[in-house]
Amino acid sequence: MSDTCPAVTRAAEVRFHGRGGQGVVTAAELLSTAAFDQGRAAQAIPSFGSERTGAPVAAFCRVADEPIRSHDPVVTPDVVVVQDPTMLQVPGILTGLPAEGLLLVNSTRRPDDLGLPERPGRTVTVPASDLARARLGRPLPNTVLLGALAGLTGIVSLAAVQEAIRSRFSGEAGEQNAALAEDGFRVARGQLTEGARGAATD
Amino acid sequence: MLRQIEGSRAVAETVARCRPDVVAAYPISPQTHIVEALSDLVALGRAGSCEFLMVESEFGALSACIGASAAGGRAYTATASQGLLFMAEALPNASGLRLPIVMTVANRALGAPINIWNDHSDAMSQRDAGWIQLFASSNQEAVDLHVQAFAVAEALHVPVMVNMDGFVLTHAMEPIDVPEQDQVDALVPPFRPLHVLDPEHPVTIGAMVGPEAFTEVKYLETRRHLAALDVVRDAAARFEQVVGRRSGGLVSTYRAEDADIVLVGLGSLLGTAADVVDELRDAGLAVGVVGVTCFRPWPFDAVRDALAGKERVVVLNRAVSVGLGSTLGSMVGTDVRLTLGGTPVTVHDVVAGLGGRPVTRDLIRRLFEDAAAGDLSDRELVFADLDEGLAQRELAREEFLS
Amino acid sequence: MTELKLYQIGTFAAGNRLLDPADRTEQSNIGRTNSITSGHRACRGCGEALAARVVLDAAMRASDGRMVTVNATGCLEVFSTPYPESAWRVPWLHSLFGNAAAVASGVAASLRAQGRGDVRVVAQAGDGGTVDIGMGCLSGMFERDDDVFFICYDNQGYMNTGVQRSGATPAAASTATTRPVGSRIGNAFGTGKSLPVIAMAHQIPYVATATVADLHDLERKVTTAMGIHGSRYLHVLVPCPLGWGTDSADTVRVARLATESGFFPVFEARDGEVTGVHRIRRQVPVEDYLRLQTRFAHLFGDPGRPDVVERLQRQADRSIAHFGLLEGGQP
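Protein chains in written order, with our numbering: chain A, 1 to 202; chain B, 1001 to 1402; chain C, 2001 to 2331.
Chain A extracted, bound-state conformation (with noise of 0.2 Å):
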C-alpha cells in the first residue's frame, strides 16, 4: 500500500473529526483496535465535549510499531478523516496535516467541489453516509470510512478492521458493518485508480 500513499505508512496518527451521535469515538477506538490486533501499539483518545448529540467531536489515533508513551492530542496529522463535510468549514479541522497527508472526507462531491481554499497532498471523497444508509438504513459513516482508510493507507488491514467490527458488533449489526467497511475499502481504491489519472484525487 505504501506505493499508494507514501506518507502513510505503518506508523500514522489520524484525527477524526465529526459530530456527536456519529461514531467518531468509535471510529477511532476501532482503527486502534484493528492496529493491535496487527500487533501493533495502538492509542484512541477522544476529545470530548458534554455529551451531546450534534456537537462537533474529535478523536485520535495513534499507531506505531514501539509502545506510544505519549497522550497529547495529535496535532500534526498523518491522515485527518472527515465523518460530516459540513465541518470542513470549520477552523482548525485541516489544521497541522502536512501537504503529503491525507484528508479522507465523507462526502459525494469529488475532492475539487468541496470547496477547500487549500488542499493537503491527497485527498478523497467516498460517500459515506449514502453507503451506510443503503445497507443500515441509517447515515452512519464510521465504518465505511474505516474501510476507505484500510484501502488508502498501510496503517490497517481491511481484514483487520472487519475483526475489529466484528468484535465490537455482535451479531448482523457486526455483519453489516464488515460489510461497509468493505464498501469504503471499494470505493477508496477505486477513487486511487482514478487518482492515478489525476481524477478524483489530488
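Just so you know, not all the hints are guaranteed correct.
[Said to hold, decoys possible] Only some residues are given here: those of chain B computed to face chain A with a beta carbon under 7 Å:
hint, residue
1, S1268
2, T1272
3, L1390
4, A1391
What the hints contain is simulated information worked out from the structure, not anything from laboratory work. On a predicted model such as this, the values are computed, not experimentally measured, just so you know. We treat Cβ as the ideally placed atom computed from N, Cα and C, and that holds for glycine.
Chain A is already provided as a structure; the job is to place chains B and C on it using the hints.
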C-alpha cells in the same frame, strides 16, 4: 494478556478482580465509564458477591463505603472534581476511622467556571485529607496502582486515592494488561479490618475525642503516613515479583540520572515528556523527567535523591494555589521547593494544562529550552500556556465596566 | 388472656405487672441489653436518651442480639461517647452528621456481600440529621429500599449546638436563632416538614411515629419494624428539657400532651398507606401543651399572642382531622 481496551474498562475489571464487597458511586464525568462497567460486572456475577450501590450523591457514595468498610467489607468508589468536593466532609472521616477504602479520582478541574476537563485541582484540594494519593502516568499504571492501592490501604488501614487523568486516560483505549485473578489474589489477600461492627464483639467506632487526645491521634496519623512510604514502595516491589512489571512506587525517573534539567510532573503528561526528552537528548540537551507517583505521603527522600545536584528543576503543575503568586505559587512546586531547601538547585514553578488545555510536546520542549537558555523565571509563578491576548482583553473589559 | 385496657394516669409506670409475661416490655426484663447503659452524659430528663434505650433494647430483642447500629452526629453521639468512654453495649458506628442513612446502607450491603445478611442494621439520628442535613441520604436509602431501620429522635431543634431552629422546629417556638424579639413571634409559620409523610411518599414498607409517653407503643413499633425487611422509618418525639424549657420531670408528660392535643399525630403506615392511628382519648387544648414550655412563654405574657396560639390550635385541629385522631374518627 494485553488487550486493546479503554482505561476505564480496564480499571473496572481490575477493581472487580480485587474482590470488593461494596461498590458505591454517583455518576460524574469523566468517572462514569468506570462505574458503568463495574455495574455490569457486578450484574454479570463477575465480581463475586459484590453489592453495587448507585446512590444519591458522592457524599452518599463515600458514606456508604465508610459503612461497608466498618462492617468488615472491602469498599470502592470513584469520582472526580465537584464530586470529590461533595465528598470532602467524608474524606478525613474515612481516614480518621482507619477505613482502607480505595477510590479512583478521574482528575478534572474544579469550577466555576464549570469545566469537565482534565487537570489536578480536584486531588490537590484534598491533599491534607489523610488519604494516600497515587498518580497514574498511563492506563497500565492506573490498573496496576489499583491492585497496589488495595494492598497498601489494607496493610496500613488508611484509604487510598488513585488519580488518573480524566478523559486523557479514562477514555483512552490502549494495550492494557489486567492482572490475572491469581496474581491479584496473591497481592490482595482477604481483608482483615482493624475494627469491625460485629454483634459478637460490640465495639464503639467513631467516638468523640477532645483536646486531651486529639493531638496524639493526629501525631500518630502523621507517623503512620510517613511510614507508609515504605509500604507503597514494597507494594510496587511485590507487584513486580508477582506480575513481572514495574509500576507504582514513590517516584519514576526517565533519563534523569545524568540530566542537567529535569521536569517534575504527575500523571499522563509524563509519557509525553519522555518523548520530548528523547528528542532533545538527540539534539544534545541533557534533560530528564521525574514523575511523582506517590504524592501523599510526599516522598521527600526519593524526590531529593532524584533532583539533588541538578542545575534546574521545572515543576509542571496542573493546578494552581490561587493567592500565592510568587515563588511558592503552585501545588507540587511548593513541595519540591521544600524538598530542595538549602540546595543550590534552581526551581521553576510552572502552571499549565488547566481545565483540559492539553500538555503538548511543543509546550514541554519549550519549557526545557527556555530553562536551558535562562529564559524561564524562577521567582514568579509561570503560566506556561497562557493566552496572553485573551487575558488582556478580559482585563480591558473589566476596566471598561468598572 | 383477658383484654385489659390500661389507663396511664397519675403513675406512668402502670402496666407490666398486670400483663401476661409475653406482653411485657423489654424494659421490664432484667436481662435486657441496656444498649445505652447508665453513666452517659445526657441532661437530666433527656427524652432522647430514654427513647434510644427503649428502641435499641427492643430492637436487640427482636433481632436476637444480631444487630449493629449507625449513629449520626448529635446529642446522642456526643453524650454517649466521650473518649475514652462509651455507653454503648451494641456495635456502634458514628461517621458524620448528614450521612447516617448512607453509612447504614453501606453497612447493610457489606454484610449481605459477606454472607452476614442475618445481622440487622439500625440507624439513628436527631431531627437535624434526619429532616435537614441528612435528608438527601435518607431519601436515597428509602428509594432504594435498603434493608435499614432508621429512627429519628425528634426534639425539634439543634439542641447539641445550643438550641437553634431546625426544619422540625414548630412555629412560634423560641430558639437561639428565632428569639421573639422585635415583631418576631419566634419561629416563623412555614409549611411544615413532616418526614414521616415524606417517608410514606417513598412507599417504604413501614413508617411509624411514637413518643416517649407510650413506651409500650414505642417498643411494639420497633418490634414490628424489625420484623420487616427493606427501608423502615420510625419518628419518635423526644422532649428536650434544655431546648423546650420544660421541667426535667415533665418529659413524659409533655410528650403525652403533644399527642393528646393532636399537635403530634401518632400513627403507623405500610407501603405508603396509614394503617393505624393512636386515638386521642381525651383531647386537650394545644395551650395546655404549650404552657409547660418556656420556648412558647412569649405567647402567654402580657399582652401575649392569643392569635398565634389560635393558629397553632388550628394546626393541631387539621392534624386531628387529617389522621382521624379522635375516637370515632376516620384515619
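Run through the hints listed earlier and report the numbers of any the structure violates, in increasing order.
3, 4
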